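**Student:** Sequence:
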Amino acid sequence: MCEFILHEESVQPEWIDYNGHMNVAYYVLVFDHATDGALEALGMGEAYREAENNTFFVAESHVVYEREVKKDDLLVVKTKLIGYDTKRLHISHEMYVKDGKDRCAGNEVMALHVDMERRKTAEIPLEHRNAIKTGVEKSLQNGVPDYCARAIQKLHNKF
Numbered sequence: 004m005c006e007f008i009l010h011e012e013s014v015q016p017e018w019i020d021y022n023g024h025m026n027v028a029y030y031v032l033v034f035d036h037a038t039d040g041a042l043e044a045l046g047m048g049e050a051y052r053e054a055e056n057n058t059f060f061v062a063e064s065h066v067v068y069e070r071e072v073k074k075d076d077l078l079v080v081k082t083k084l085i086g087y088d089t090k091r092l093h094i095s096h097e098m099y100v101k102d103g104k105d106r107c108a109g110n111e112v113m114a115l116h117v118d119m120e121r122r123k124t125a126e127i128p129l130e131h132r133n134a135i136k137t138g139v140e141k142s143l144q145n146g147v148p149d150y151c152a153r154a155i156q157k158l159h160n161k162f
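Using this note's numbering, you'd call the opening residue of the sequence shown number 4 and step up by one each time.
Think of the hints as simulated: they come from the structure by calculation, not from any bench.
Be a bit skeptical, because a hint or two may be false.
[Said to hold, decoys possible] With a straight-line cut-off of 16 angstroms between C-alpha atoms, the simulated EDC-like cross-links for lysine to aspartate or glutamate are: (1) Lys73 / Asp20; (2) Lys104 / Glu69; (3) Lys74 / Glu17; (4) Lys81 / Asp35; (5) Lys73 / Glu11; (6) Lys81 / Asp20; (7) Lys101 / Glu71; (8) Lys74 / Asp20; (9) Lys81 / Asp149; (10) Lys74 / Glu11; (11) Lys136 / Glu69; (12) Lys73 / Asp105; (13) Lys104 / Glu130; (14) Lys90 / Glu63; (15) Lys81 / Glu11; (16) Lys90 / Asp35; (17) Lys101 / Asp75; (18) Lys101 / Asp39; (19) Lys90 / Glu126; (20) Lys74 / Glu126; (21) Lys81 / Asp102; (22) Lys81 / Asp105; (23) Lys73 / Glu12; (24) Lys104 / Glu63; (25) Lys81 / Glu130.
[As the list claims (entries may be wrong)] Pairwise CB distance ranges (calculated): (26) Phe162 / Asn26: 27 to 35 angstroms; (27) Val27 / Glu53: 27 to 35 angstroms; (28) Asn26 / Glu49: 35 to 43 angstroms; (29) Asp39 / Leu158: 28 to 36 angstroms; (30) Asn26 / Lys136: 30 to 38 angstroms; (31) Val31 / Arg91: 45 to 53 angstroms; (32) Lys73 / Asp118: 35 to 43 angstroms; (33) Glu120 / Arg91: 33 to 41 angstroms; (34) Tyr21 / Asn133: 45 to 53 angstroms.
Model, not experiment: these values are computed from the prediction.
Ideal placement from N, C-alpha and C gives every residue a C-beta, glycine not left out.
Kindly generate the complete structure, drawing on both the sequences and the hints.
**Tutor:** See below:
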């Protein structure tokens with residue numbers, strides 16, 4: 004596994020809102036597809052769910068929008084695994100327009116490992132922990148993206 008996992012996806016015409024750029028909901032869709040790709044790379048994607056009856060649910064997500072994305076742009080998402088414990092996986096995504104140097108958006112998610120029969124959190128099986136640990140170690144070689152672990156600041160209701 005390398006430092007990050009890449010996902011590419013083209014902006015669809017129906018994703019463009021009345022402001023002429025990609026609607027916020029579709030950033031989340033693209034990031035969700037990137038999360039699926041990361042889980043596949045770890046051997047914990049759809050086939051894992053079918054074989055083991057375990058999966059990951061996103062419990063928390065935070066998106067930072069930095070630049071507009073337009074119709075027909077080809078998006079590249081770089082995914083990093085940035086943390087874990089026995090039941091959770093902390094993932095970050097950075098979205099770029101292909102061949103662009105400026106980040107368009109950032110996303111971090113906290114994913115819970117879930118036993119689908121009980122619909123409750125469950126420990127990540129030992130045989131998958133090494134891949135996660137290695138992925139996090141490689142991802143962290145260049146640090147954690149600046150938008151991670153931030154919160155929306157409370158406004159003070161004054162002009």
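**Student:** Confirm or reject each hint.
**Tutor:** Now for the hints, and whether the structure bears them out:
1. Lys73 / Asp20: It holds: about 10 angstroms lies between the C-alpha atoms, which stays within 16 angstroms.
2. Lys104 / Glu69: holds (13 angstroms)
3. Lys74 / Glu17: Within the cut-off at roughly 9 angstroms; holds.
4. Lys81 / Asp35: Measuring from Cα to Cα gives roughly 12 angstroms; hence the hint holds.
5. Lys73 / Glu11: holds (15 angstroms)
6. Lys81 / Asp20: violated (25 angstroms)
7. Lys101 / Glu71: holds (13 angstroms)
8. Lys74 / Asp20: holds (10 angstroms)
9. Lys81 / Asp149: Holds, because 14 angstroms separates the two Cα atoms, which is no more than 16 angstroms.
10. Lys74 / Glu11: With Cα atoms ~15 angstroms apart, Lys74 and Glu11 stay inside 16 angstroms; holds.
11. Lys136 / Glu69: Violated, because 30 angstroms separates the two Cα atoms, which is more than 16 angstroms.
12. Lys73 / Asp105: Distance ~14 angstroms between Lys73 and Asp105 Cα, so the pair holds.
13. Lys104 / Glu130: violated (37 angstroms)
14. Lys90 / Glu63: holds (14 angstroms)
15. Lys81 / Glu11: holds (9 angstroms)
16. Lys90 / Asp35: violated (19 angstroms)
17. Lys101 / Asp75: holds (11 angstroms)
18. Lys101 / Asp39: violated (20 angstroms)
19. Lys90 / Glu126: holds (5 angstroms)
20. Lys74 / Glu126: violated (41 angstroms)
21. Lys81 / Asp102: holds (13 angstroms)
22. Lys81 / Asp105: The given pair, whose Cα atoms are some 13 angstroms apart, holds under the 16 angstroms limit.
23. Lys73 / Glu12: With Cα atoms ~13 angstroms apart, Lys73 and Glu12 stay inside 16 angstroms; holds.
24. Lys104 / Glu63: Answer violated: Lys104 to Glu63 is near 28 angstroms, above 16 angstroms.
25. Lys81 / Glu130: Violated: Lys81 and Glu130 sit about 25 angstroms apart, past 16 angstroms.
26. Phe162 / Asn26: 27 to 35 angstroms: At roughly 29 angstroms between Cβ atoms, Asn26 and Phe162 fall inside 27 to 35 angstroms, so the hint holds.
27. Val27 / Glu53: 27 to 35 angstroms: holds (32 angstroms)
28. Asn26 / Glu49: 35 to 43 angstroms: violated (27 angstroms)
29. Asp39 / Leu158: 28 to 36 angstroms: For Leu158 against Asp39, whose Cβ atoms are near 35 angstroms apart, the range 28 to 36 angstroms holds.
30. Asn26 / Lys136: 30 to 38 angstroms: holds (37 angstroms)
31. Val31 / Arg91: 45 to 53 angstroms: Hint violated: Cβ distance 19 angstroms, outside 45 to 53 angstroms.
32. Lys73 / Asp118: 35 to 43 angstroms: The hint (35 to 43 angstroms, Cβ to Cβ) holds, given that Lys73 and Asp118 are roughly 42 angstroms apart.
33. Glu120 / Arg91: 33 to 41 angstroms: Between Glu120 and Arg91, where Cβ atoms are some 20 angstroms apart, the hint is violated.
34. Tyr21 / Asn133: 45 to 53 angstroms: holds (48 angstroms)
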